[in-house]
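Following the hints, position chain B against chain A.
Line order of the protein sequences matches chains A and B. Okay, so the first sequence: first residue is 12 according to the working numbering, each after it adds one. Okay, so the second sequence: first residue is 27 according to the working numbering, each after it adds one.
If you're looking for bench data, these hints aren't it; they were derived computationally from the structure. None of these values were measured; they are calculated from a predicted model. Careful, some of the hints might be misleading.
Unchecked claim - Here are some, though not all, of the chain B residues that point toward chain A, as calculated from beta-carbon distances under 10 angstroms: (1) Met84; (2) Ile88; (3) Gly202.
As the list claims (entries may be wrong) - Derived coverage of chain A by chain B (criterion: at least 3 residues anywhere in the stretch with Cβ under 8 angstroms from a Cβ of chain B; other residues may be distant): (4) 24–38; (5) 41–55; (6) 135–142.
Unchecked claim - Some, not all, of what chain A presents toward chain B, calculated at C-beta under 10 angstroms: (7) Asp14; (8) Lys17; (9) Leu18; (10) Gly19; (11) Phe21; (12) Ser130; (13) Ser132; (14) Thr176; (15) Ala177.
Yeah, the Cβ is synthetic: ideal placement off N, Cα and C, and Gly gets one too.
Chain residues, written in single-letter form:
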Amino acid sequence: MADIIKLGLFLMLVAAVAGLGVGYVNNVASPLIEKQILKEKIDSFKEVYPGADKVENESAAYLKSDADPALKEINIAYKNGKQSGVLYLVQSKGYSGLITILAGFDISTHKITAIKVLSQSETPGLGDKAKEPKFQDRYRGKNAATALEVVKTEPLKEHQIQAITASTITSKAVTKGVNAAREHFGRTFVDAKTN
Amino acid sequence: MNLMQEFTKGIIKENPLFRLMLGTCPALAITTSVENGLGMGAAFTGVLLASNIVISLMRSIIPASVRIPAYVVIIASFVTMTDQLMHAFTPGVYKSLGIFIPLIVVNCIILGRAEAFASRNSVVPSIVDALGMGLGFTIALVMVCTFREVLGSGTFLGIQLLPEGIPAILMILPPGGFITLGCLLGFLNKMQKKYAL
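Chain A extracted, bound-state conformation (with noise of 0.2 angstroms):
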């Protein structure tokens, strides 16, 4: 019985002295980490809509609840204090995991100006490489007014976006985020400007 209080103390000890440890690398590094999210997010927002004066989160008065689940988050493009471009950060499910996509379109010309995959667990060498330019710039400049469909081969129509090779199913994922993102753009910031 003394041996269990002995060898119970002994452990409790070692653990509070590596949580001890632990806390205090946490409180080294929590900051570094959240400056580090927050600066890719600004970093995402400037090439996914480059020349904005800022960008502000405006989710509470555009996604309503009836939005789709997909889209999580609305951000304004402010430049020269009007509305310009928006933003949306979208979640669409993949071959593994959920894709996070940041979408960027502009209001004036009513096109997408990029999009960006932020994180994604895909295959290794094949799903993943919608994390690239190459595939991500497929999206660039494409009109925001109709569907967006995937093609295995080179695409002929405008509203095409060629599949990443042996990754049909990653490239529908983000092609379907970008889409709820691309029909709220067009309910919100393009309908309600023509009517």
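Relative to chain A, chain B alone:
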């Protein structure tokens, strides 16, 4: 005790992956690119070094009957720290290694070295042992990575070597890991027999 011998044994004679057949899980899972292999090797070596030092220092006060839980707590703490530090300072590598950093906790090489070496030797040999084993494991990972990345994606450290269309996607899928590891083991066993390493 010959320190040089303690160092080199981890690289050839007792190479954790090729000779002891430990740590095969990360060696199959993350070896799709050389960059991953180097990142995993570095994270692994850091954790092994820290845990070997602490366990060697505590070897006389850890009661034998609870040594395994004590090792696990120590190793898990260092892994958590490494995980956070990598997230803060090397976000690129952190992202591509993903779940495999926390999984260093259950990497049997680290527990194995704690049990077989650090708990029986003083600090200096334990440090040398950790460095040798870490380097040995990193070299082994990079060897597997090199074959898989070059044959599977046609690149080496991201530099395009083979033209598009030649690389066999199979090599970066799980079967490619088994094939590469199997072939490498067979080759190294043959070499070892031939040259009596």
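Okay, the hints, checked on the actual structure:
The restraint placing Met84 (chain B) at the interface with chain A holds, with a minimum CB-CB distance near 8 angstroms, inside the 10 angstroms limit. Given hint, Ile88 (chain B) at the interface with chain A, holds; its Cβ is 8 angstroms from that chain's nearest Cβ, closer than 10 angstroms. Against a cut-off of 10 angstroms between C-beta atoms, the interface hint on Gly202 (chain B) holds, since the closest Cβ of chain A lies about 9 angstroms away. Only residues whose beta carbon comes within less than 8 angstroms of a beta carbon in chain B count, and the segment 24–38 of chain A has 8; three or more means the coverage holds.
For the segment 41–55 of chain A, the assignment as covered by chain B holds, since 5 residues bring a beta-carbon within under 8 angstroms of that chain's beta-carbons and 3 suffice. Note: the segment 135–142 of chain A has 3 residues with beta-carbon separation from chain B under 8 angstroms; the three-residue rule is met and the coverage holds. Interface hint status for Asp14 (chain A): upheld, as the beta-carbon distance to the closest one in chain B is roughly 8 angstroms, under 10 angstroms. Taken as an interface hint, Lys17 (chain A) checks out: its beta carbon lies about 8 angstroms from the nearest beta carbon of chain B, inside 10 angstroms.
A hinted interface residue such as Leu18 (chain A) counts as satisfied when its beta carbon comes closer than 10 angstroms to some beta carbon of chain B; here the least separation is about 5 angstroms, so the hint holds. Look at Gly19 (chain A): its Cβ gets to within about 9 angstroms of chain B, closer than 10 angstroms, so that hint holds up. Contact between Phe21 (chain A) and chain B, as hinted, is supported at the beta carbon level, the nearest pair being about 6 angstroms apart and thus within 10 angstroms. Contact between Ser130 (chain A) and chain B, as hinted, is supported at the beta carbon level, the nearest pair being about 8 angstroms apart and thus within 10 angstroms.
Nearest Cβ of chain B to the Cβ of Ser132 (chain A): about 7 angstroms, under the 10 angstroms cut. The hint holds. Interface restraint check for Thr176 (chain A): the shortest CB-CB distance to chain B comes to about 8 angstroms, inside 10 angstroms, so the restraint holds. The beta carbon of Ala177 (chain A) is positioned within 10 angstroms of a beta carbon in chain B (closest approach about 6 angstroms), and the interface hint is therefore held.
Taken one by one, the earlier hints all hold for this structure without exception.
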